[in-house]
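Engineer: With chain A fixed as given, assemble chain B onto it according to the hints.
Protein chains: 2
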Amino acid sequence: MFVHHVYFWLKNPEAAAEKARLLEGLKSLQTVETIRTVHIGVPADTDRPVIERGYHFSLLLIFDNKEDHDTYQVHPVHKKFVEDCSSLWSKVVIYDAVDA
Amino acid sequence: MFVHHVYFWLKNPEAAAEKARLLEGLKSLQTVETIRTVHIGVPADTDRPVIERGYHFSLLLIFDNKEDHDTYQVHPVHKKFVEDCSSLWSKVVIYDAVDA
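Keeping their order, the protein sequence lines are chains A and B. Read in our numbering, the first sequence has 332 at position 63, and its numbers run on one by one without any break. Read in our numbering, the second sequence has 354 at position 85, and its numbers run on one by one without any break.
Same shape as in the complex, but just chain A (with noise of 0.2 Å):
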């Protein structure tokens, strides 16, 4: 398995048209054939130090392998997304893990 989880923090929080745009386009990336498991999450509202609560929405990928990530990376609808979408974050945050 390949997990990619994506962390973003939205330039303008209080701009409701813009989180609605970035919800949006995530979404729109569910549509890529090598994703075995999406998730589109916003902070629960668990709250202990170590939780980073911070961040306005996370996007979950599982793939099979690398091999399907790496064509996500580069697949049209992503590229697409992030030309939408990536004046919207001031921040992304990536953790890609692999089997331990």
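Mixed in with the good hints there might be a few duds.
As the list claims (entries may be wrong) - As a list, the in silico EDC-like pairs of lysine to aspartate or glutamate whose alpha-carbon atoms are at most 16 Å apart:
#1 Lys335/A with Asp337/B
#2 Lys360/B with Glu287/B
#3 Lys348/B with Glu302/B
#4 Lys335/A with Glu287/B
#5 Lys288/B with Asp368/A
Simulated from the structure, these hints should not be mistaken for laboratory data. Keep in mind the model is a prediction, meaning the values are calculated, not measured.
Structural biologist: This is chain B only, laid out in the frame that chain A set:
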């Protein structure tokens, strides 16, 4: 869905025995009944400035809902893991996400 993703930084990453103990501890968690999906990971070899790859292990747990996550948090298996292994890590970062 409730997505619980934990990233661990080992206190002594060069100590193979400690690494193995943490991995064993992480594997023990898989028996908790409320977990739907589990992935124990290590950083992939992807490497871009936005990618955080300094951690040593990741633990992705997907639950059907927050209630199932809460059950896990107080489960004896989880408590034993924290007891046995918390001395091994120097840092833990958790991201909890619910459906956007």
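Engineer: Confirm or reject each hint.
Structural biologist: Hints and how they fare:
Annotation: proposed proximity of Lys335/A to Asp337/B is violated, straight-line Cα distance about 30 Å (limit 16 Å). At most 16 Å may separate the alpha-carbon atoms for a hinted pair to count; Lys360/B and Glu287/B meet this at roughly 15 Å. Taking the CA atoms of Lys348/B and Glu302/B, the gap is near 15 Å; set against the 16 Å cutoff, the hint holds. For the suggested pair Lys335/A and Glu287/B, the alpha carbons sit about 28 Å apart, so the restraint of at most 16 Å is broken.
With a C-alpha separation of about 15 Å, the suggested pairing of Lys288/B with Asp368/A holds against the 16 Å cut-off.
In summary, the numbered hints that this structure violates are 1, 4.
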